[in-house]
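Peer 1: Sequence:
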Amino acid sequence: MRIQIDSRLSGLISWFRSGLSGFLGLLSLIVLSILFVWPLWYLATSHTHLYSLAMMVLAGGSLGFMVFARMRKVFRKTGRNGLSRAKAEIQQPDPAEHAE
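My numbering applies: residue 104 is where the sequence shown begins, and numbers increase by one.
In case anyone wonders, no lab produced these hints; they're calculated from the structure.
One thing to keep in mind: the hints can contain errors.
[Stated by the list, open to error] With beta-carbon atoms standing in for the labels, derived distance ranges:
1) S117 to A157: 23 to 29 Å
2) L156 to L123: 35 to 41 Å
3) L153 to S124: 34 to 40 Å
4) S149 to S117: 44 to 50 Å
5) L123 to L143: 29 to 35 Å
6) S117 to L156: 41 to 47 Å
Keep in mind the model is a prediction, meaning the values are calculated, not measured.
We put the beta carbon where it would ideally sit given N, CA and C, even for glycine.
Turn these sequences into a full structure, and let the hints guide you.
Peer 2: Pasting the structure below:
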């Protein structure tokens with residue numbers, strides 16, 4: 104019984120650590136973007152009045168990133184041909200049929 108409780112507790116601790124490290128990574132990304140990206144954004148758009156162009160570039164870049172991330176997830180899950188690995192194995196031609 105003690106071993107089972109210890110394994111559950113260690114699983115909970117590792118889950119908490121991974122969540123905490125993810126949160127700290129997100130927090131550091133926000134801080135870095137505020138410190139470095141925001142001044143560049145301000146300088147690029149404030150004096151040249153390119154707010155709409157900058158927003159279009161930002162929106163296009165984020166949309167492109169989302170599409171890229173989704174396609175990467177699909178390719179990782181299915182393989183390059185777009186079929187799941189199980190379906191690809193099922194659809195393999197039977198050598199006995201082609202031997203005739």
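Peer 1: It remains to establish, for every hint, whether it holds in the given structure.
Peer 2: Now for the hints, and whether the structure bears them out:
no., hint, result
1, S117 to A157: 23 to 29 Å, "violated (42 Å)"
2, L156 to L123: 35 to 41 Å, "holds (39 Å)"
3, L153 to S124: 34 to 40 Å, "holds (37 Å)"
4, S149 to S117: 44 to 50 Å, "holds (46 Å)"
5, L123 to L143: 29 to 35 Å, "holds (30 Å)"
6, S117 to L156: 41 to 47 Å, "holds (46 Å)"
Checked against the numbered hints above, the structure violates only hint 1.
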